[in-house]
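Protein chains: 2
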Amino acid sequence: MTTLTTLTTTSHRDGIVRGCPSTMGHDYQLNTTTLIRHAARTHPEQEIVARRADGGWDRYTYRDCYQRVCRAANALRGLGIGPGDRVGVLDWNSRRHFELYYAIPGLAAVLLQMNLRLGVEDLGYVVTHSQAALIFVDESLLPVAESIAPHVPGVKGWVVMTDKPLSEIRTSLAPLHHHEDLLAAAEPAIDWPMVDEHAAYSACYTTGTTGRPKGVYYSHRAIYLHSMSVAANMGMTLDDCTMLLTPMFHGQCWGLPQAATMMANKIVLPGCYSVEDMRPLADAIMAEGVTITNGAPAIFQPMLQYIETLPVKPDFRRLRMMSGATEPPLPMMIGFHETTGAEVVHGYGATETTPLVALNRLKPTLKQRLCAEAAWDLKRKQGLPVCGVDILLLGADDQALPHDGQAVGEICLRGPWISTSYHDMPDAADRFFNGYWRSGDVGTIDTDGYVKVTDRLKDVIKSGGEWISSIDMENALLGHPAVRDAAVVGIPHPRWQERPLALVVLKPDRQATLQQLHAHLSKTFAKWQLPDRILFVDAIPKTGVGKLDKKVIRAAHANLYAGESPG
Amino acid sequence: MTTLTTLTTTSHRDGIVRGCPSTMGHDYQLNTTTLIRHAARTHPEQEIVARRADGGWDRYTYRDCYQRVCRAANALRGLGIGPGDRVGVLDWNSRRHFELYYAIPGLAAVLLQMNLRLGVEDLGYVVTHSQAALIFVDESLLPVAESIAPHVPGVKGWVVMTDKPLSEIRTSLAPLHHHEDLLAAAEPAIDWPMVDEHAAYSACYTTGTTGRPKGVYYSHRAIYLHSMSVAANMGMTLDDCTMLLTPMFHGQCWGLPQAATMMANKIVLPGCYSVEDMRPLADAIMAEGVTITNGAPAIFQPMLQYIETLPVKPDFRRLRMMSGATEPPLPMMIGFHETTGAEVVHGYGATETTPLVALNRLKPTLKQRLCAEAAWDLKRKQGLPVCGVDILLLGADDQALPHDGQAVGEICLRGPWISTSYHDMPDAADRFFNGYWRSGDVGTIDTDGYVKVTDRLKDVIKSGGEWISSIDMENALLGHPAVRDAAVVGIPHPRWQERPLALVVLKPDRQATLQQLHAHLSKTFAKWQLPDRILFVDAIPKTGVGKLDKKVIRAAHANLYAGESPG
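Respectively, the protein sequence lines represent chains A and B.
Okay, so the first sequence: first residue is 1 according to my numbering, each after it adds one.
Okay, so the second sequence: first residue is 1 according to my numbering, each after it adds one.
There could be a bad hint or two in this list.
[To be verified] DSS-like mimics (lysine-lysine), calculated; alpha carbons at most 30 Å apart, straight line:
hint, chain 1, residue 1, chain 2, residue 2
1, B, Lys367, A, Lys313
2, B, Lys462, A, Lys367
3, B, Lys462, B, Lys527
4, A, Lys542, A, Lys507
5, A, Lys452, A, Lys367
6, B, Lys507, B, Lys527
[Unchecked claim] Per label pair, the in silico range of CB-to-CB distance:
hint, chain 1, residue 1, chain 2, residue 2, range
7, B, Lys367, A, Tyr60, 14 to 24 Å
8, B, Leu176, A, Pro21, 55 to 65 Å
9, B, Arg456, A, Thr326, 51 to 61 Å
Rather than coming from a laboratory, the hints here were simulated on the basis of the structure.
Backbone N, C-alpha and C define an ideal beta-carbon position, used for all residues, glycine too.
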């Protein structure tokens, strides 16, 4: 165990050791201008294919794209944008958005990602907190921009992204510029500045369930290294074609646009699409030869359903689908494989981690060892950490836990693309530990190296210095034949810190007692972990999106143990 | 052309632009400890297979390897080695050598690569110039170490790498330590320092045809980024098995050991092998399932010859062979493909460039456009620059030339893994230009982005402000039916700077005149490029390894144009 502890606890406490100087200079900066310039220089003929609002497709090349990037950067300079300025973008996955991914940061300005799913109040807060000076907005999103405009007095101008002439645009936004007019008037070449690799490339605000959105400002270095890691770990080559399904307005589309640019992939931009109609996307995968894409199960699930209706199933054997946000359902992963040959690759990360932390690939050594069923089961884990991300499994007593598949700790992360602070938010120090970001996820790491997230830390029950997973206990209760629904929360206890409380909804005409459920839970839980009380209820409080509302449950029963003795 | 010029001339002259601070910290260092720790932590069961001196194979895992790396680092500390110290290694591609690749730099000490092909004088110079304090030497190379020992008084100790007990080793080296005894006595765990990414990881001395060896000191950052680039550009995945054929004692085996560690490849170490007997290596490729290897054509050519003798040809369809040092012969590339299915991938680089600059992969757009013959011909080029390496094609007047496949310039290189100086050699400033390293190679870059090296700058004829390729002209002369051998050199000329002089050996019983050869050359050369004089000789001076000895030819005819008018 000594070696393992060493593996996970190397800290900054000794500082950085200098050694002997190398003969490689310090000047060359890792920044995103290198990516698009490389693509344009070495792969000028490679295609970028973008879906328009009318459903048609535009085709152009890295050469043309790069020229528009240069024009956009010159236009931004003309509007007074310079190093350190923040520029918002409110758009779908369009080619103009893709161009701004390089034009804005290329000037050492910061691209503010504007999550168009946020409410007016939060979106206004993000714009104001970031001090955005200028905002690009797609014509279809003018109403969103207009709704926040009164709340963002710091914004000095708006640029409308449209194929129509300015005279046909009706909006209250002012002063208003026209994207294509700006580009047409700008020079097609630029002498880029050498942007410091530690300068912010873009900003994305996380929206937790509590408190104000928190600003994550990605460095150029983070994006550059992350691109190399995505490319290497997804096995991206020149021959790949990447379709960007994850929104580019949050978490920079998981860094896939930059990785695809670095590897000069053909890129497919789907524009604004709806999960109600997956036909255009599925058709594009086939027609364009897409081999890599990304998205949440909420997007992939309806795509599979659509494909299942097709009389002739498409051949997606070269397709790897990076799936994130939540654990992909096993039937969906199996469905894609059996219907099309595509592989769903579960990835793990967060806004604060750029986001790649782990990818679920099956090790060659396990291919020999595992039967098909066990191999599928393994795919539900969060995967293998990629090189460059250090994981510290932090126990209740702030000690490093072993990677034995048993010990449950908070997943803390460190690396060149992991946050070490939030922008302009000094009181968030409790989110960090000794240079690591505290993810708020708890889980295990098994001896094969696979990460498994078992719970959110706030939903874990901390009892007597140990942790009990509320999700595991809920799943165990749901495994009892009489139980229809279940929720488990931690209730403050004067002696044990917290004790689990279970709420159970029984199936119609079924019965179960505390003793019977205890006996059932005892198969997988120790005696001290069993809930002292189980409340049989008619319904469990849920949030608007159907998740268990544990905040409400905890509040309703907060004083359950108030009268108990602390000793 | 404006855009192209911009692409190639972005310089440091504006300095580094800072922008807005990111929320990713600056502390995390890109160093090689991360690579081996990641492999041991996440892929402990992955195998490393190493060939012993007796021809047998040792098998162990990253877990065991990492423990030996930790022990070696602790042993080094025990011998007084610390940050900045230089430690030499004189060994074949062995597992001890592989372990020292991480143990020495892990302490912020510098691994001095000792090229065992160098003469006593040069090797002694390298050890003394680098101020190496300690040298590891394989038992089989004790005679080499003993020959340099009298010339390296700064060396404070020697470590013999052997499977035998110390009592069986006979050597004059003193003080002498025993590698395995040191490891056995050392702790198996270590709290690694956080090594500055700009600190030197290893040192390798280049041996040009003139002057003393020059020290290239690779930074940890260079090695780390280079590993990511090799992994991404070779499409390395977890499923790959890498055999390290290129010597680990020069140019760190082209960075393949570190890339393979980063991607947790199974690794095959061939130990000391001979091109006279390729059977063990070819057998290992088959038995171990090798999918990636590297080497010079001088190694691959005899391997192909051996394979061609086999009654049943092996299936190497997954094998990619990185070929460097010189241009791989086309028949060899075709031979491997047709006989085994393996792909020879031509790579371009130098000691000063870590070395990856370009890799010859066929673009997907060219797969459609080129016929089979043209595709094969393309594979003889040096390939596509990888992302992160900037190429400046520098003309005779120090101006950037376009990438049009026509303009011939010196290939100048810049990037995080490209040298910007030589160690302790301030008078080498003429090897650098505006932050770029001058490679001394001249060539072209075509509109598809492929680099083609046409000549060494010193062999190019500089006439009237333009360049004439001596190699192109020699090849053209060799294409004439009467010509058996040819050499072309530049001779100083008072007016034109230089003029080409051709030496030609005719085939027996064949005749050719100056006028006839001019007519032949005029198919591909302009009139002003034609050699004013062609000397018909019986033999052309050659060097010991059979190359044209242009130094001797130039000296013999240096005064040919001395009497010409300068105006």
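Violations among the numbered hints, reported as their numbers in ascending order: Those not satisfied are hints 2, 8.
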